[in-house]
Amino acid sequence: MRDERLQTLSVRAIAAFVIVFSAWFVVAERDGLLRLLMWLLNGIGAAPSALETLITYYLTLPAEPLLLSLGIGGLAGGLASYLIWQAATRAGRRVPNRVASAALGVGVGMFGAQIAAAATQHCTYLPEAAFAETLIGVLLTAFMAVAVLLPLWTLILGRRRMDGAESGYFRSRWLGYILIAPTLLSLLIFLYYPSVQMLNLSLVARRFPIRTDRFVCLNNYISLAGDAIYQNSLLTTLFITVVIVLLSMTAALGIAVLASQKVRGAAFYRTLLIFPFALSPVVSAAVFQAMFREGGSGLINFFLDSTVGIQPSWLRDAALARWVVVFAGVWNILGFNIIFYIAGLQNVPRDLQEAAAIDGANRIQRFFRIVFPMLAPYTFFLLVTNVTYSFYGIYGAIDTLTQGGPPLGAAGSLGGATNVLIYKLYQDAFSPGAPIGAAAAQAVLLFLIVAVLTVLQFRTLERNITYGA
Amino acid sequence: MIRTRLLTLALAAVLALTALGAPSQAQEKIEIKFVHIFGGQQDSRSQVVQGIADAFMAQNPNITVTVTSTSTDYIELFNSALLAAEQGQAPHIVQVEDSLSQLAADSGYFTPISALATPEQLATLDDLVPTVRAYYTIGGELLSMPWNASNPILYYNRTLFAAVGLDPDAPPQTFEEVLAACETIMAQKEELKLTACINFPMSAWFAEQWLAMQNALLTDNDNGRMGRATEVLYTRPEMLRVAEFYKALAEKGYYTYTGRANDYNGEGITFLSKRTAMSISSTAGLTLFMNFSKAQGFELGTAPLITPGTDADNGGTVGGASVWVTADHPEAELKAAVDFIFFLTSTENDITWHKGTGYFPIRQSSVARLTAEGWFEQNPPFAIAVNQLAKSRGNVANAGFVVGPSTEVREALIKAFQSIVDSGETPEAALAAAKQAADKALAEYNAVVGN
Chain R
0 MRDERLQTLS VRAIAAFVIV FSAWFVVAER DGLLRLLMWL LNGIGAAPSA LETLITYYLT
60 LPAEPLLLSL GIGGLAGGLA SYLIWQAATR AGRRVPNRVA SAALGVGVGM FGAQIAAAAT
120 QHCTYLPEAA FAETLIGVLL TAFMAVAVLL PLWTLILGRR RMDGAESGYF RSRWLGYILI
180 APTLLSLLIF LYYPSVQMLN LSLVARRFPI RTDRFVCLNN YISLAGDAIY QNSLLTTLFI
240 TVVIVLLSMT AALGIAVLAS QKVRGAAFYR TLLIFPFALS PVVSAAVFQA MFREGGSGLI
300 NFFLDSTVGI QPSWLRDAAL ARWVVVFAGV WNILGFNIIF YIAGLQNVPR DLQEAAAIDG
360 ANRIQRFFRI VFPMLAPYTF FLLVTNVTYS FYGIYGAIDT LTQGGPPLGA AGSLGGATNV
420 LIYKLYQDAF SPGAPIGAAA AQAVLLFLIV AVLTVLQFRT LERNITYGA
Chain U
0 MIRTRLLTLA LAAVLALTAL GAPSQAQEKI EIKFVHIFGG QQDSRSQVVQ GIADAFMAQN
60 PNITVTVTST STDYIELFNS ALLAAEQGQA PHIVQVEDSL SQLAADSGYF TPISALATPE
120 QLATLDDLVP TVRAYYTIGG ELLSMPWNAS NPILYYNRTL FAAVGLDPDA PPQTFEEVLA
180 ACETIMAQKE ELKLTACINF PMSAWFAEQW LAMQNALLTD NDNGRMGRAT EVLYTRPEML
240 RVAEFYKALA EKGYYTYTGR ANDYNGEGIT FLSKRTAMSI SSTAGLTLFM NFSKAQGFEL
300 GTAPLITPGT DADNGGTVGG ASVWVTADHP EAELKAAVDF IFFLTSTEND ITWHKGTGYF
360 PIRQSSVARL TAEGWFEQNP PFAIAVNQLA KSRGNVANAG FVVGPSTEVR EALIKAFQSI
420 VDSGETPEAA LAAAKQAADK ALAEYNAVVG N
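Heads up: the protein sequence lines correspond to chains R and U, in order.
Reminder that position 107 of the first sequence reads as 106 in numbering that gives the first Met the number 0, one-by-one numbering, no gaps.
Reminder that position 14 of the second sequence reads as 13 in numbering that gives the first Met the number 0, one-by-one numbering, no gaps.
Extracted from the complex, chain U is given alone in its bound form:
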C-alpha cells in the first residue's frame, strides 16, 4: 500500500515540476544562435564579438543573439554545426572557413545570403572589397557574408637582422632574397643559437598564395568556379617552383617546423623564442606577435608575404572565414539572423573588429575611414595586409579555388611538402603523387554529389 502511495506521490511531483519548468510560449521573443571559433582561453576576439552582439541586442530588444564557440577549430565547428543541422538543431549563423565554402554550398543546409537580404542590404554589398567579395561568390551568387579576412605576412626579427649585418628596413621580398638572407643569417647559427633561418606552418595556404601571385590556377574549370573541379594542377611549373623553394630551404637547413601540420601556435612559439629569424603567419596573429616580441625583448618586423619572384605580381588570395545562414528556421528568425550579419559587418563594426583583432577591414568605406583617421600611419603593421590586398588584381587566380573535398586536396599538398622536406623526395615525384591523391578525392566526391 505504502509503495503505491509513494509512487503516486512521486509521479505527481514529477508532473508538477514538468509543468512549472515548461517554457511559456506567449512572448514574441526571437532567439538566434551564432557559433564561431574564437572561444579559446584568453582569446580577446570573443569579447569583441560579444560586444558587437550586445550592441545589436540593445538596438533590437526583442532579439536575443546567443554567441557561442563550440570549438576553436574550423573543421570541428563545421562538423558540429552540420551534425546539429542533421538533427534539426542547427545554429542560425555559422562561421565557415574559406576552403569549406563549396562543401557548405553542396550540403544543402544553408541558404545563400543574397537570397535572404533585403534590397537595401544588398545595395551595401558593392562596398565590399572586390577580392573579398569574389572569394565568396560561387556561380555568380554571394553565398555567405565575408567576415574575418586575413592574409599571410612575413614576420622577422629586426634585432637579429641588425646583429648579422642585414638591413632591418629591407626585409627579403622574394624566394631568392630569402635564400640569400638566410645564407648571411645561418653563418652565425651557433652564436645566435638558431635552429633554422625561417619557420612557417606546414600548410597548403602559402602555396595557394604563391600560385595566385603567379596568376596560376590550382584546379581546372577556373579554380572550380565555372564548374566542378575535376583535377588539381599540382604538376604545373608554377607549383613546381614553390616545391623547389621548399627543397632549397630544406637542403640547406634553412627551414624548420614543429613536426605538426598547420601548427600556427607552435610555429609562433618557435619564432618568438628566437629560434628562427623569420616566420610566415596570418595577420590574424599580429596583435599577439607584437605583444610577445616585446616581452621577449626583440624588435618585431613585418613585411608583405614573400613572392616567388619579381614576375609574380598578381597578388594573393583572401583567407579567413565567412558567416553562413542555415536554412530550416522560421522566417522571423532568418530575418533576424541576416540583420545581425549585416550589423556585424557594417562599416562601424568592421572597424572595431579590425582594430581589435588584426583581421583586415572588408569594406572599402572602412578602409577609407581608417586611412582618414591616420590609423594605418600610426600602426604600420596593420597597413601591410590592406596594401597587399589593394595590389591584388581581381581575377580567377586570386579569387582562390573552391572544391568540395578541400581537406583532402590540401592535405595531399601538405604531405608532398613534408616528404620533400623530411624524406628528401624530389619535388616532381612528390607533386605527382599529391596530384594523384587529390584527383582521386575529387573524382569520388563528384561521383557522389553529381553536378
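So that you can see chain R by itself, here it is in the shape it has in the complex:
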C-alpha cells in the first residue's frame, strides 16, 4: 500500500519536473523554436509546389530515359517478386497467386525505380552519360526497386506472431507515439533530412559558400573512383583502423586483466587507467602535439636529444607520422576499452575457473579456454565501436597533429600519409571555396563503407557468440 503511494508520488514529481523543464526550455529557446516551427510549416507549405515541379518534370521528360528506368525497375521488381513467391510457396506460407505476385513486383519495382531515377534526374539514362554512370544507374535503379518491394512482401506474408508474454504494450495506442515523437522529430530534422540533402548535394558541383551550383550527375563519384589521392586515403584509413583496433583491444584486455587482480588500491589504479577516456580527442591530441612537435621545442625530442642525441622526424616522416597518429588514437580509446573489459572480467563466473583449476588447467589455459570466450560479447561490442572510432573519431588527433600530412609524392600529388577518409572529407567540405559536392559524395561513400563493415561484423562474428553465462 505504502509502496504504491510512494510510486504515485514519485511519478507526479517526475511529471512536474518534466513540465517545469519543458516550460523553461520553451521560454528560453522560443526564438529558435519559432524559427524551427516556421521552417517546418514552410516545408509543408512547399509540398504542393514540389509536387507540381515533379509532375512538370515527368511531363517534359523524354520518353527514352523514362521507359528505360521503368523497364529496369519492372524487371528487377518482377524477378525479385517471383523468387520470393517461390521461396514462400515452398515454405508453405499463404501467398497470393503467381500472376498477381509477379504483377505486383513489376508495378512496385517500376515505382521504386523512379525514386532513384527522379533523384538523379534520369541522368544515367541519357546518351551522354559515361559507361560507369550508366552501370551504376542501372544497379541503383534495380536496388531501389527491390528495396521498396521487400517491406511490402513482409506485410503480405504477415509478421510472425510475437510471444504475447514477452512484448510489452501500451494501454493507449497513442501514448507510445507521443512518447517517441520528440526523438522521431529530432531524428527527422537533424539526421534524415540532412542525409537526403547530402545525397542531393553529391550530385552537383558547388563551391562553398557560392550559392550557384551545376548538376553533374554521378560525376563526383566517378572522379573519386579514379582519384589516386582518394585511393591512398582509403588504404591509409584501413591501415590505421586495423592497427588501432588490434593494439587498443589487446592492450586494453591485458591491462584490464592486470587491473582486475586483487591488490591494494586497485580502484585507484583503475581510475587512472580509465582517465584517458575522459579527455576529448582534441585535448589529448594537444598533449601529443606538445610531445611530438618538431624543431626542438617538442618534449620527446628534447628528451631524446639531451640523452641519446637523436631527433626523429615524428610528424615530417610519412611512416613515423602514421604511428604517432595510431599511438594517439590507441591512447585515446584505451580507457573506454578497459572499462568494458574490467566489467566483463567481473562477470566471468568464478566456479568455472575453479573447476578448471581443479582439473589441472594452468593460468594461461584458463584464460584462453574460459575467460576469453566468456568475454566474446564484450570483444564484439568493442570491435564494432573501435572500428567506428577509427573511421570517424580519429579526426581530432589528425587535425591537431599532422593535418593529414606529410604529403606523399611531389607536392602531395598522391595524398597525405595520415590523410584518412574522414579528414579528407572534412577538408574538402569546410575549407573556403571547397568543392562540397565532391565532399558530399565522399560522405556517402564513407557511410556505405562503415555500414558494410558493421553489417559484415554482425554477420560473421555475432553468430559465434553466446550471450549470457
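Treat the hints as calculated values from the structure; they're not laboratory data.
Mixed in with the good hints, there may be bad ones.
Some chain R residues judged to face chain U by a derived CB distance under 8 Å, without partners named [what the hints assert, rightly or not]:
| # | residue |
| --- | --- |
| 1 | 208 |
| 2 | 209 |
| 3 | 210 |
| 4 | 227 |
| 5 | 296 |
| 6 | 342 |
| 7 | 345 |
| 8 | 348 |
| 9 | 406 |
| 10 | 410 |
| 11 | 411 |
| 12 | 412 |
Quantities reported herein were computed from a predicted structural model and do not represent experimental measurements.
Even for Gly, the Cβ is constructed at its ideal location relative to N, Cα and C.
Based on these hints, arrange chain U on the given structure of chain R.
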C-alpha cells in the same frame, strides 16, 4: 480530471512566461554585430577592439555594437559567418583574411563598402596607404575596408649572433646572406644546442612576398585582378628561385619547422626557446616576441624580410585582413555598420590599434602623426614594417593575387615546399605537381562560378 487541470495550468504558465520574455519592439535601438578572430585567451588585442567599440557607443548612444570572436582562425570565422548568412543570421561586419577576398566577393553575401559609404567617408579613402588600398580593390572597386595589415619580418637572436662572431647590427638581407650566416652559426650547433639555423612557418605567404619582391606574378590575368585567374605561375623561374632556397636550407640542415603547416605559435616557441638563431614571422606578433625574448634572457633583433637577392627590390605585399559588410540588413543597420567601420579605421583609432598590436597603420595621416610624435624612433622594430611598405612600388605584383579557391592554391604550394624539405623532391617536380593541383582547383571553381 486532475491531469487535465495540471496540463491547463502548465500551458497557461508557458504562455505567460513567453509573453513576459518577448522582446518589446518600441525602442529605436540599432544593434550591430562584429565578429573578429582576436578572441584567444589572454589576447590583449580583443580589449583594444572592445575599447574602440565602447568609444563608438559612447558617441552613438542609440547604437549597440556587439563585438564577438567566434573563432581564432580566419577560415573558421569566415565559414561560421557565411553559414549564419545562409540562414539569414549574418553578423553585420565580418573580418575576412586577405586571401579570402575573391571568395567573399563571389559569395554574394557582402555589399562593397564603396557602395555604402557617404561621399564624405569616401573622400577619406584617399588617405589610405596606396598598397593597402590596392590589395582590397578588385575590378576597380574597394570591396572592403582594410583593417589589420601586417608584413612578415625577420626576427633574430642578437645575443646568439654576437656569440658566434656575427655582427648583430648587420642581419642577413638576402637568401645568400642567410645561407652564409647559417654556415657560421651551424659551425657551433652543438655548443649552442641548436636544432637548426632558421625556422619559419611552412606557409605560402612568404613565397608570395618573395615573388612580389621580384616583380613577378603568382597567377595569370594580372594576379587575377583583370579577370578570373585560370592558371598559377608556379613553374616560372622566380618561384623556382624560392623553391631552390628551401632546398638549399633543407639539404644543409639549416631549416626546421614544427611539422605542422602555418604553425605561427609553434614556430615562435621554437625560436623563443633558443633552438634557432633566426625566424620569420608576422609583425602582428612583434609585441609577443619582444616580451618573451626578455623573459628568455636574450636580446631580440628585428630586420626587414629577407629578399631573394639585391635585384628583388619591388617590395612585398600587404597581409592581414579587412572588414566586410554583409548584405540583407535594414538600411539603418547597414549605415551604423559602415559608420562603425570608418570609426574603427579613423586616424586616431588606427594609431591606437597600431600601438596596441603591432599591426601597421593603414592611413598616411597616422604614419605622419606617429612620425611627428617620434614613436618610430623610440620603437625601431615598429618602424620596420612601415619602412618596408613605404619601399613597395605600387604595382600588380605587390598588390597580391586574388583567386576564389585560395586555400587550395596556397595548400598546393605549401605541400610542394614540404615535399622538397621532407622527402627530397626536386623543386622542378614539386612545383609542377603543385601547379597541376592548383590549376585543377581554379578550373573547377571557375566552372561553377562562371564569369
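Hint check:
no.	hint	result
1	208	holds (4 Å)
2	209	holds (5 Å)
3	210	holds (6 Å)
4	227	violated (12 Å)
5	296	holds (5 Å)
6	342	violated (38 Å)
7	345	violated (43 Å)
8	348	violated (48 Å)
9	406	holds (4 Å)
10	410	holds (4 Å)
11	411	holds (4 Å)
12	412	holds (4 Å)
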